[in-house]
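Using the sequences plus the hints, can you model the full thing?
For my numbering, add 456 to where a residue sits in the sequence shown, where the first one is 1.
These aren't lab readings, by the way, just hints derived from the structure by calculation.
A portion of the hints provided could be inaccurate.
Across the chosen pairs, the derived CB separations fall in these ranges [said to hold, decoys possible]:
{"hint": "1", "residue 1": "E553", "residue 2": "L500", "range": "20 to 28 Å"}
{"hint": "2", "residue 1": "Y471", "residue 2": "A564", "range": "37 to 45 Å"}
{"hint": "3", "residue 1": "E507", "residue 2": "H554", "range": "21 to 29 Å"}
{"hint": "4", "residue 1": "I473", "residue 2": "I535", "range": "27 to 35 Å"}
{"hint": "5", "residue 1": "L503", "residue 2": "H554", "range": "44 to 52 Å"}
{"hint": "6", "residue 1": "H554", "residue 2": "Y460", "range": "33 to 41 Å"}
Predicted model, so just to flag it, every value in this text is computed and none were measured.
Each residue gets a CB set at the ideal place from its N, CA and C atoms; glycine is no exception.
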Amino acid sequence: MIYYIAFILIGVGLYGIVSQKNLFKQLVSLTIIDTAVNIFIVSLGYLEGAEAPIYSYITPVANFVDPLPQALVLTAIVIGVGILALASMLLIHINEEHGSVDAEEIRAAKEVIE
Numbered sequence: 457m458i459y460y461i462a463f464i465l466i467g468v469g470l471y472g473i474v475s476q477k478n479l480f481k482q483l484v485s486l487t488i489i490d491t492a493v494n495i496f497i498v499s500l501g502y503l504e505g506a507e508a509p510i511y512s513y514i515t516p517v518a519n520f521v522d523p524l525p526q527a528l529v530l531t532a533i534v535i536g537v538g539i540l541a542l543a544s545m546l547l548i549h550i551n552e553e554h555g556s557v558d559a560e561e562i563r564a565a566k567e568v569i570e
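Here it is as structure tokens:
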């Protein structure tokens with residue numbers, strides 16, 4: 457079930473990137489795709505009836521959930537936040553430079569300059 461949610465969110469994000477001319481809305485769509493991919497990766501590591509991979513003398517070795525996807529998603533979240541911060545800074549700079557974040561207006565202004 458969770459796979460379907462991840463694929464629906466990826467579809468929503470792709471639709472937002474393709475259909476929107478506003479660069480901020482495209483950035484939000486890219487963030488939605490990033491979140492959906494993280495959900496998908498975490499759901500791949502889930503096992504029905506498995507326990508958290510915490511080893512101790514009390515807990516015998518049992519059926520554990522794979523911790524690797526969780527570690528990869530934590531890394532992906534940090535990278536995603538960095539990309540979001542960089543893209544937001546670039547959008548602020550573009551808005552200050554051109555007075556708009558609409559891709560068609562920026563493209564038209566660029567053609568006038570050339």
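Now the hints, each set against the structure:
1. Against the hinted window of 20 to 28 Å, the Cβ-Cβ separation of E553 and L500 comes to about 42 Å, which falls outside the hint.
2. The hint said 37 to 45 Å for the Cβ distance between Y471 and A564, and at roughly 24 Å that hint is violated.
3. Hint check: E507 to H554, Cβ distance near 54 Å, so the stated range 21 to 29 Å is violated.
4. A hinted range of 27 to 35 Å is violated for the C-beta pair I473 and I535, which are about 19 Å apart.
5. Between L503 and H554, the C-beta spacing of about 51 Å keeps the proposed range 44 to 52 Å intact.
6. The supplied range of 33 to 41 Å is met by H554 and Y460, whose beta-carbon atoms lie about 40 Å from each other.
In terms of the numbered hints stated before, the structure departs from hints 1, 2, 3, 4, listed from lowest to highest.
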